[in-house]
Amino acid sequence: MTSTYRYLPDTKQDQEEMLAFLNISSIDELFEDIPAEIQLKGDLNIPKAVSEPLLLKKMNQLASKNKNANHYPTFLGAGTYDHYIPSVVDHMISRSEFYTAYTPYQPEISQGELQAIFEFQTMVCELTGMDVANSSMYDGFTSLAEAASLAVASTRRSKVLVSKAVHPESRAILNTVAEGQGYIVEDVNLTDDETSLVKLQGQIDKNTAAVIVQYPNFFGSIEDLAEIKHIADTKGAMLIVSANPLALALLQAPGKLGADIVVGDMQPLGIPMSFGGPHCGYFAVSKKFMRKIPGRIVGQTTDEKGQRGFVLTLQAREQHIRRDKASSNICSNQALNALASAVCMSALGKQGIRQMAQLNIEKADYMAKSLDKKGFPIINKAPFFNEFVVKLPRPVKEVNTKLLEAGIIGGFDLGTDYDLENQMLLAVTEQRTKEEIDQFIEVLEAAVHG
Amino acid sequence: MVEYNDLIFEISRQGRVGSSLPESDVDQVNINDKLPKHLIRDLPAELPEVSELQLVRHYTALSNKNHGIDNGFYPLGSCTMKYNPKINEDVARLEGFSRIHPYQPTETVQGALEVLYELQEELAVITGMDAVTLQPSAGAQGEWTGLMMVKAYHKQKGEVRTKVLVPDSAHGTNPASASVAGFETITIPSNEHGLVDIEELKKHVNDQTAALMLTNPNTLGLFEKEIVEIAEVVHEAGGLLYYDGANANAILGKSTPGQMGFDIVHLNLHKTFTTPHGGGGPGAGPVGVKEKLIPFLPVPRVEKVNDVYVLDSNQPLSIGRVKGYYGNFGILLRAYTYIRTMGPEGLRQVSEGAVLHANYLRKKLEPYFEAPYSQICKHEFVLSGSRQKKLGVRTLDMAKRLLDFGYHPPTIYFPLNVEECLMIEPTETESKETLDAFADVMIQIAKEVEENPGVVLDAPHTTVIGRLDEVQAARQPILRYTKEEAVKREPVMS
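Protein chains in written order, with the numbering used here: chain U, 468 to 917; chain B, 4 to 497.
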């Protein structure tokens, strides 16, 4: 007798032996505690099982219905970026000792994972200039909302101010979270492409737990954190910065500019776009918030012989101990993606990450200057990293259709989330060649003049 | 094997590189011309500098110090550590899935949206719900999403309900999620059979009750037989029923939370639907709801209109967004692939196998350990180490002893209402030989406790490191590598 399903090892004989040991005659007897009226009659109405080769064929067919960045150079960014991922990254995270493991509750047989996370935490601290980082969060957006909740809880104030130049999805999630926890979220309007310092000054008060900005912001512009920190300080509000970790290779670390919490997403460093997930949030704080940080944290310690080892630590904060008194309900992290970004950061190294960031600045600068020369004005007044906004004479959607016909995926339509008609947010990473950029501009010219 | 204990920072040497970036094909930019000085990084981030082979050796050495399902049996109760199929990994890595951007025009991602739509539909069937959101990235986020819908539902009806009821055997995330959603938690004690005490429940159900959160089978592995009556009690008072799907591996194709009377369900795709735990994540925690709660689902929703898949964010009663983009797509793909592999008959056999294995192992072990709830269980069961504790050996010690035999220990000290608890979930993907071998080792350890307790108390003996000082870790936290710390460790060169 053979099993029909390759993940199920029981033969008829195995089943019979186990049933005999249990003194029962059929598996159904093991389900008699489910009352008859709520037992399912008949099969679940889902498609029948498919063999491995046929399923692979079907999944390949589905995948090929999507236009992917290997064949369609993409100029989309807005929080998710097409970056170089060294081949070594996927090979390392495909070691099944890593990906088939659970959260490292048994440190003696989880030293590999724990050490890798400890190293990840160190790299996040280095990039952000903060004292302490956790082992990762769901994504950058939810990380930002957790940061706001931390600020509200630790300042005992009930309002956060969030710049409208923070990613719209991030602000949307923040609003959902705030609704649950009962604190107020106020948007701070913009002056051109940056957070309005005048508006911020007007809105901040003694009830403001935190000021939240993005660095570079949603439009690609690099906000002056020093000035924002100064305003936050006037009322004793915390400064929360959501930062692109790649940009931090060249930009001053937010920790050095006075940030209390730095969050963001590691996706630009080693994680595929994958239609938006899974990515990997990071969360870093200054030392005084160490015991308030949500999620898992790995710490160094020693065993009985004095050998260095690593464990999950500071667990007194967490839900499985504190239950309803916990500061957060998070009990997982994105360990495998944190590992991916740690491998990527190690592969790039101290020099490589700067080189990659520099390439991004140069390519974006080239594209912006070329567009400007052709008469397409750039909206950003502040310096930008690898994203910027271009004003088009036609609706973005129309232009993107033309670009798609030419095999290019165009930029993000700012008319959707902002009142910015005919403005396109473009991301230019190291993946885009001069040729691709030039072709984009040619198609754009033809589309608007043709 | 040569012992390797270096951190990546300790093998770093200035000038080495493990990647290859293209030359710039555009004009140079001097960042000093672009930015004010105070916004330019003064000191570079100290990332490691290693060659590609050094990098590979480092992480390979680390992986050798890690236990995963592929290494050996992993009977971690409530975590459903079943086999993670390889085809799932291949599918998630197809370029048409991994290299697409979430904001591409929907006409360029119809294949991806088709997967999401069909997965929504199929999970609805499997749970007996009317609609599903795939956004939440973990069980805990699913719970919170569900509770935010509970809140919105009562608010819409003009009712203020502030209390969420949770049995004492529930996962810690249940009360924590209730709290984060702004509810007060009321704990309901279990009866002597380990089940919800209906009389106790009735005392606490009233017009303040927003919802009851329940895991069925519960964390003791027991099916709540009176679930229909429990549902009636809560519904009659105007409350809703929330199903924590952590234990759904016991009921696939046998019953549905919908039939049991639940209004909201979350599933842990990283448990029941074989997506890898990844050492702690990423996972996925889709949430299904009955019709009356559909308007409150998070946006965007994946819909099918005239055979075209679209994203719909125009839902005025929605609780809003809970997660970036459309959820953990790469994980959802793996679950979709698994459901396709198994089909309806296969999924039923999954639960039958899981339950058969749990009962077989339970009966094999019961003579040697206290069994506080000796009765037919579902996919998992609990034992108590109370007998061994009297001999001076605790459950933690026995768990550490299991490491010497190459097993990951069961979940220990949970649920909280069982003394010295061992919670064992063998899953359907383990062979009878594995179950027999594990039982033999457990029995051997029980004998060691009686005859030679020292060998258990001093365990583990064979791991790369001994028991670690967790108190020191928490009291004097070292949460990152620093050069100063490293200098202290390094022997002085002569």
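Keep in mind that the hints were calculated from the coordinates and are not lab data. Take these hints with a grain of salt, some might be off.
[As the list claims (entries may be wrong)] Keeping only pairs whose Cα atoms sit at most 30 Å apart, straight-line, the calculated DSSO-like set for lysine-lysine is:
(1) B/Lys206 / U/Lys792
(2) U/Lys858 / U/Lys841
(3) U/Lys723 / B/Lys307
(4) B/Lys37 / U/Lys759
(5) B/Lys228 / U/Lys524
(6) B/Lys307 / B/Lys393
(7) U/Lys626 / B/Lys166
(8) B/Lys37 / U/Lys666
(9) B/Lys37 / U/Lys836
(10) U/Lys702 / B/Lys40
(11) B/Lys40 / U/Lys723
[What the hints assert, rightly or not] Between beta-carbon pairs, the in silico distance windows are:
(12) U/Thr471 / B/Leu460: 20 to 28 Å
(13) B/Tyr7 / U/Asn490: 50 to 58 Å
(14) B/Glu229 / U/Glu519: 39 to 47 Å
(15) B/Gln318 / U/Glu909: 52 to 60 Å
[Stated by the list, open to error] A few chain U positions that, by computed beta-carbon distances, are all more than 12 Å from chain B:
(16) Leu521
(17) Lys534
(18) Ser561
(19) Pro571
(20) Gln578
(21) Asp606
(22) Asp659
(23) Gln670
(24) Leu718
(25) Pro745
(26) Leu826
(27) Lys841
(28) Pro850
(29) Glu888
(30) Glu909
(31) Val910
The beta-carbon is built from N, C-alpha and C at its ideal position, and this holds for glycine as well.
Please write out, lowest number first, the hints stated earlier that are contradicted by the structure.
Hint check: 3, 4, 5, 6, 12, 15, 16, 17, 18, 19, 20, 21, 24, 25, 26, 28 fail, others pass.
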